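Q: Required output: the full structure, derived from the provided sequences and hints.
Quick note, the sequences are listed as chains A and B, same order.
Just add 131 to the spot in the first sequence (first one is 1) and you have our numbering.
Just add 34 to the spot in the second sequence (first one is 1) and you have our numbering.
A few of these clues could be false.
Using 30 Å as the maximum straight-line C-alpha spacing, the simulated DSSO-like pairs for lysine-lysine come out as follows [as the list claims (entries may be wrong)]:
| no. | chain 1 | residue 1 | chain 2 | residue 2 |
| --- | --- | --- | --- | --- |
| 1 | A | K661 | A | K413 |
| 2 | A | K785 | A | K243 |
| 3 | B | K61 | A | K732 |
| 4 | A | K862 | B | K61 |
| 5 | A | K264 | A | K762 |
| 6 | B | K166 | A | K854 |
| 7 | A | K673 | A | K454 |
| 8 | A | K449 | A | K420 |
| 9 | A | K420 | A | K454 |
| 10 | A | K673 | A | K762 |
| 11 | A | K413 | A | K732 |
| 12 | A | K854 | B | K100 |
| 13 | A | K854 | B | K84 |
| 14 | A | K390 | A | K243 |
| 15 | A | K700 | A | K711 |
Don't read these hints as lab results, they were simulated from the structure.
The structure presented is a predicted model; accordingly, all values stated were derived computationally and were not measured.
The residues making up each chain are set out below.
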Amino acid sequence: MSTISDIESDEHPMLRQLIKLGLVLLVQGIAVILIGFVALLVSLFVSLDPAWSATSDQATLLQPAEALSGTLLLKDDGVTTEAVRLGIDVDITVSGPTLRARVTQIFRNPGKDWVEATYVYPLATNGAVDTLKMVVGDRVIIGDIKERQQARVIYEQARRDGQKAALTEQQRPNIFTNSVANIGPGETVLVQIEYQEPVHQSGNEYSLRVPLVVGPRYNPSPIVQSVDFRPDGSGWGATKTDPVPDRDRITPPVLDPRKNPPINPTSITVRLQAGFPLGDVKSHHHAVKTDSPDATTRIVRLADDTVPADRDFELTWKPAAEKAPSVGLFREHVGDADYLLAFVTPPTLDQATQKPLPREAVFVIDNSGSMGGTSIVQAKASLLYALGRLQPNDRFNVIRFDDTMDALFPASVPADADHIREATSFVSALQARGGTEMVPAMRAALTDGIGDTNMLRQVVFLTDGAIGNEQQLFETITAMRGRSRIFMVGIGSAPNTYLMTRASELGRGAFTHIGSVEQVEERMRGLFAKLENPAVTGLSAKFSDTHADVTPAMVPDVYRDEPLVLAAKLDKLDGSFEIKGRVGDRPWSVTLPLSNAAEGKGLSKLWANRKIGDAEVARTMRELTQEDADKTILALALEHQLVTRLTSLVAVDKTPSRPAGEPLRLSELPINLPAGWDFEKVFGEQMQQVPAQLRERRADATGRTATRRPAPAAQPDTVRLPKTATTSELKMIAGLILLLLSLFLFVFNRRQLLAH
Amino acid sequence: MPRFISPLALALVGAILFGDGAYIHAKAWLAQVLLERAFAQSVATGQPTKPWSWADTWPVARVEVKRIGAHAIVLAGSSGQALAFGPGHVEQTANAGERGVAVYSAHRDTHFRFLQNVSVGDEIDITRSDGKRFRYRSDYSAVVRFDASGIDLATQGHELVLSTCWPFDALTPGPERYILHATMIGPD
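A: In structure tokens:
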């Protein structure tokens, strides 16, 4: 060293000082680097720590290539684990006027982690869910009915304590969620729910419907759109709250059918005991095998053992006799009360005695993205059929909507050849795309421009009902219905039946369902029979000897071929009851002696369920306050053990199974897209409020875990978490690199200098 | 001669960058020392006390995880300035100990670095500036997007969420947040 400095000092006296300065800086730099390294090492060790522990948690490290075909993989931070698999078994026994369904969901966890599974599924709208059983190994745990909040607390507690638990919650009268906690590696847990439902009757035909999949709903975003709408009405912007506050609870992940094989295999068995000799028994959307042990009994099974849960199962049956019985009366004694269920089909007037009623028909057709595929074909065919049935003295209009809306004519026009031709070409050109903003379309349809009281005003609304803001639509109907009658036509393989039934009930109309193109003509003919023939109005029921709590509280008008269905709770089963009304302009009445009623099953549940429906309607119509309605519903639900908006079923296996310390993963089970739906149309365009991350995930259909559940962006009820990363580490590392670089340069330069 | 200028300049820039990064940590550490003092005074007087005269925020609570010996003073608000000094109590979320969810958020590389060591089942003690103490037990953690936290503000329970950026060892900011959820098990 000394020689070097000697040479330098001899040659460059100035340089000495500079080198001193450089050396000081260098020493300083080395000190900084040393400190930095220590700090960095410490921080690296600390920050690597969780990565290791996280990997050790992911016991199942499965590469996509190793998975058997058809296995669903959930992607989680680059590590793929096998998802919980679900099988469904539906077992239905029809006893005369009612049916009891037992739905068994089999949750199997093929992975090596402990899992909590949630599954969103539909049930019949009029179903009264009263039983939950959980089967773990050879133990059967029966669920209890509890207030919703309390049930949730019990479930969460069991989940934390490592106990197996099942929770059944109602999200809509036809959408339920089952959560199952602590399914161990390789374990299978069975969750069984049971419900009671009245059999549906229309004319000569009886039917049951088992929905198997919840169609993806369009959930209008809360704030923005009130300004986007055209000024077609006032007060629309007054909605302050989110129209779909529970949007994340009704939007399970949906698999793209083009990229995934169908999931959730379902088997269905129906034991049909009609109570009368059976004629034609038909499954409309599934191939079935039918056994006939005797004249009044059929056992219906799927022709293939299982089908994917992607469309409604619909079974209809007719009596062998020409005409179905026009009266059915059934009773059940529960506790200290008798329950009565009555079906009465009013007589139909001869065609000749009627004079044709001039009508104003407003047709509304949903051409949103969820209608893509076969649904829009059915809707257009139905509407074209309807246009063809109009009489020259009728007036009509056509409104189409997605997230925009068009009325063909400014006001209803006479149904002459020119107008019909114009409407036909308008309808034929419709394409399914965009969101589903149903409320403005309903408002437009209910706006009574002509106000001609000599005409019947009928709104025919064709939709799949794939919206999450049902309540908003119901409120619109209640507020604006005036003298209009609303006839809902449910389109597609998995329509929202709750929306259809409640909307037609509030709109004092009827509900028709069209599940395939083949059904269009038959069902539309049935609908036109209802539209063209006078309804049975002014109906009332009176009991001679006993006090009766009758539901529905307001007896609805009954359309042609439909039965009047009444349920009642009676003090005693004495005397008779009389139903009075008017068919067209003629009075009509019928008296039924109560002693003739036959024994029925589960009628008390049906009565209670129907009363709960009454309370919900009364709330929508502002006849009851929210508090009063809730009180009524809660009391009925707890007394009759029913799952409602306010009550849930919860089952807890007291034996803890998950060892303390073992992590629990949440797995939200994906569902199929309903058959005939177009994935692109639904998720490509409709759900534009969904953030990009979700669209990508859905598009590549890898599914997702709930810990990374993306929710729609516009969600006022959730917290936006602040940015919590500083750039300190980045700066420190960049600084270190620069310091190191300068050191190397310095050394390099000195070497070069020495070489000279 | 000029060949020494570039390494020197480089060294200077490097030192400044490093110092700037280190300053963030120093500030975070020093602020907590001052905040501890201000918080103790708040608890004693019952009045919100500013940690230094020009501060635009004040301590609202002290969060502590005894098992791993970690603690921090939580500030009102979750603005960038507040978060430089301590965890922030996210606006419009409940106060600790009240019905609803209290959300505390802090930087992953400073005050909430310790979150990665908190496991489900750990007890979290919160002392409010009015001196009331509440004990929570963590029941789950999750990784969420910042705009889809899934935190239910309308909950009926007494809940606490500690949130920070995810992943812990990343260098650049991202949209993902790590949340640790806890439910109150009683006043301490």
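Q: Evaluate each hint against the coordinates.
A: Each hint, compared with the structure:
1. A:K661 to A:K413: holds (23 Å)
2. A:K785 to A:K243: Holds, because 23 Å separates the two Cα atoms, which is no more than 30 Å.
3. B:K61 to A:K732: Judged against 30 Å, a Cα distance of about 74 Å means the pair is violated.
4. A:K862 to B:K61: Holds - the C-alpha atoms of K61 (chain B) and K862 (chain A) are around 15 Å apart, at most 30 Å.
5. A:K264 to A:K762: holds (27 Å)
6. B:K166 to A:K854: holds (29 Å)
7. A:K673 to A:K454: holds (27 Å)
8. A:K449 to A:K420: holds (17 Å)
9. A:K420 to A:K454: holds (26 Å)
10. A:K673 to A:K762: holds (27 Å)
11. A:K413 to A:K732: holds (24 Å)
12. A:K854 to B:K100: holds (26 Å)
13. A:K854 to B:K84: Roughly 24 Å between the alpha carbons, so the hint for K854 (chain A) and K84 (chain B) holds.
14. A:K390 to A:K243: Holds, at about 26 Å.
15. A:K700 to A:K711: holds (19 Å)
In this structure, the one hint that does not hold is number 3.
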